[in-house]
Amino acid sequence: MMRGAERVAAAVLAVGTGLSVAHAQVQSSSQGMTGLWETELSVAVSNGEVDKAAANAPAAPAGTPEGAPTPGELELFKRVQLWQKPPYNPEWERKVQDAQKRVVPAGPAQVSKFCVAGGFPAVMESFAPDGMFQVVITRAETLFLFPDGEVRQIYTDGRKHPGRDDLWPTLIGDSIGRWTGATLLVDTVARKAGPISAIPIPGMADLSDQAHFSERLRLIDANTLQNDLTIDDPQRLSHPWQISIRYKRVTDVNRMITTNCTENDRDTVVNGKQTIVPR
Amino acid sequence: MPLAVAWRFSCSDPVLHKCGSAVANIHFTTRKGQDVTSRYFIPAALMLVVAPCLAHHSFAMFDDKKTVTLQGTVTELQWTNPHCYLQVMVHSGNATAEWSIEMHSPLAMYRFGWKPGSFKPGDKVTVTINPLKDGTHGGRLLTAVDASGRSLGTLRTQPDGKPQS
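Protein sequence lines correspond, in order, to chains A and B. Taken in order, the first sequence gives residues 0 to 278; the numbers are from numbering that gives the first Met the number 0. Taken in order, the second sequence gives residues 0 to 164; the numbers are from numbering that gives the first Met the number 0.
Read the hints as simulated data drawn from the structure, not as lab findings. Errors might be hidden in some of the hints.
[To be verified] DSS-like cross-link-like pairs, simulated, lysine-lysine; straight-line CA separation at most 25 Å: (1) A/LYS77 with A/LYS51; (2) B/LYS64 with A/LYS77; (3) A/LYS191 with A/LYS84; (4) B/LYS123 with B/LYS65; (5) A/LYS247 with B/LYS114; (6) B/LYS65 with B/LYS132; (7) A/LYS191 with A/LYS51; (8) A/LYS191 with A/LYS159; (9) A/LYS84 with A/LYS100; (10) A/LYS272 with B/LYS132; (11) A/LYS77 with A/LYS247; (12) A/LYS51 with B/LYS64; (13) A/LYS247 with A/LYS272; (14) A/LYS272 with B/LYS123; (15) A/LYS272 with B/LYS65; (16) B/LYS64 with B/LYS132; (17) B/LYS123 with A/LYS51; (18) A/LYS84 with A/LYS94; (19) B/LYS65 with A/LYS51; (20) A/LYS191 with A/LYS94.
The whole structure should be built from the sequences, with the hints applied where relevant.
Here you go:
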């Protein structure tokens, strides 16, 4: 519910701009959410807290392959909630166990990389120091803009998800939302089946295209945004998987700065070892 | 999410990316669109965590147990994605070699206090790095100090915990 001050602000905004009161109420109650945000995990990485936590980790055992993650990376990955094991149902848990029995024999160390978008829900839990996103709110939709060009469009104009014949799975899914006071409720379906991000690694949650995502976004304080995310997948989970991601307002830059993976990619593999291409 | 380039692992099971301690197949697509698959041994302790890192790739290519300090002359600051590079010409005895010092993306570096003009060709610099494990002239930047003593790093905080200037 809108507080008294917010109602007054909405009325003033409506008179001053010619908007409908309903539109102004949305703008007034939600305006604190606009701007640039990053996960608390990105903040911890950027401040060196994650590396510091891993500083006393034991050295990698003999035989650790080329390209194995550093202690700091191991510490980091433990903190990414979406990369933890979801509550699989018995059938899918059995497939997990079967998969473990069918791994292939050891081969030579090799590394690789490729260029791909992260997709939803991974975009909502970046851990990178350049993983911020921008929230743009209009009456008809709320936009989440990401540095690599990905966009989440959350339609708040009252529409429903497209019908079965008009909807197909994508990496970002189809999102509709509604405001209740200053809280944005988002409903997302039609996320492409597979690992929970486009960067599949062993152990990463693997969902069907019937997965249903519910988000509840609200400000905890002026500079902290909380996203309570519930993932339900009747095909693969035994019960809804709930996580809560917190974001901090970005205050040291005031614009979106883009990233990409092809402009000057100098990382390569020579004789089985990762290295940098000389200038 | 700017994890634009990354490791991609899967087990022999095509439907489930969950492995025990063993070997995972790695699938990737070259820039020319060719699908490539190779095998990679992953010990049990690392099974859940072999993954992309910090915007582009793992930092496992750098020896984080070794720190090297180099004095030299900047030949170029490449303010580019997915990584910025500080190119430094280093003289050692009669030998001269150019080192490629890798950093984060421009967005991350800007927030660490860097700007595209932080270093110019000809500037004297002292860099502290984690060197490449393969022994070639390159590394991951920890700090870069210019002739005036100004230090820039790859964190939003300085070693004393204060914000980067």
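Is the straight-line distance between the alpha-carbon of B/LYS65 and that of B/LYS132 25 Å or less? 9 Å, holds
Given the hint that A/LYS272 pairs with B/LYS132, test it: the Cα-Cα distance must not exceed 25 Å. Given that 25 Å is the threshold and the Cα spacing comes to 8 Å, the pair holds.
25 Å limit on alpha-carbon distance, applied to hinted pair A/LYS247 and B/LYS114: Satisfied, since the Cα-Cα distance of roughly 23 Å is no more than 25 Å.
Given the hint that A/LYS51 pairs with B/LYS64, does the C-alpha gap stay at or below 25 Å? Holds, at roughly 13 Å.
Is the Cα-Cα distance between B/LYS123 and B/LYS65 25 Å or less? OK: B/LYS123 and B/LYS65 at ~23 Å, within 25 Å.
Run the distance test for B/LYS65 versus A/LYS51: straight-line Cα separation, threshold 25 Å. Between B/LYS65 and A/LYS51 the Cα gap is close to 16 Å, so the pair holds against 25 Å.
Mind checking the alpha carbons of A/LYS191 and A/LYS84 for me, to see if they're no more than 25 Å apart? 19 Å, holds
Run the distance test for B/LYS64 versus A/LYS77: straight-line Cα separation, threshold 25 Å. It holds: about 21 Å lies between the C-alpha atoms, which stays within 25 Å.
Pair hint outcome, A/LYS272 versus B/LYS65 [Cα-Cα no greater than 25 Å]: Holds, because 17 Å separates the two Cα atoms, which is no more than 25 Å.
Would the pair A/LYS191 and A/LYS159 pass a check requiring their Cα atoms to be no farther apart than 25 Å? 19 Å, holds
Given the proposed pairing of A/LYS247 with A/LYS272, does the C-alpha separation stay at or below 25 Å? Not satisfied, since the Cα-Cα distance of roughly 37 Å exceeds 25 Å.
Taking 25 Å as the top limit, are the C-alpha atoms of A/LYS84 and A/LYS100 close enough? At roughly 18 Å apart (the allowed maximum being 25 Å), A/LYS100 and A/LYS84 satisfy the hint.
In the structure shown, a violation is registered for the earlier hints numbered 7, 13, 14, 17, in ascending order.
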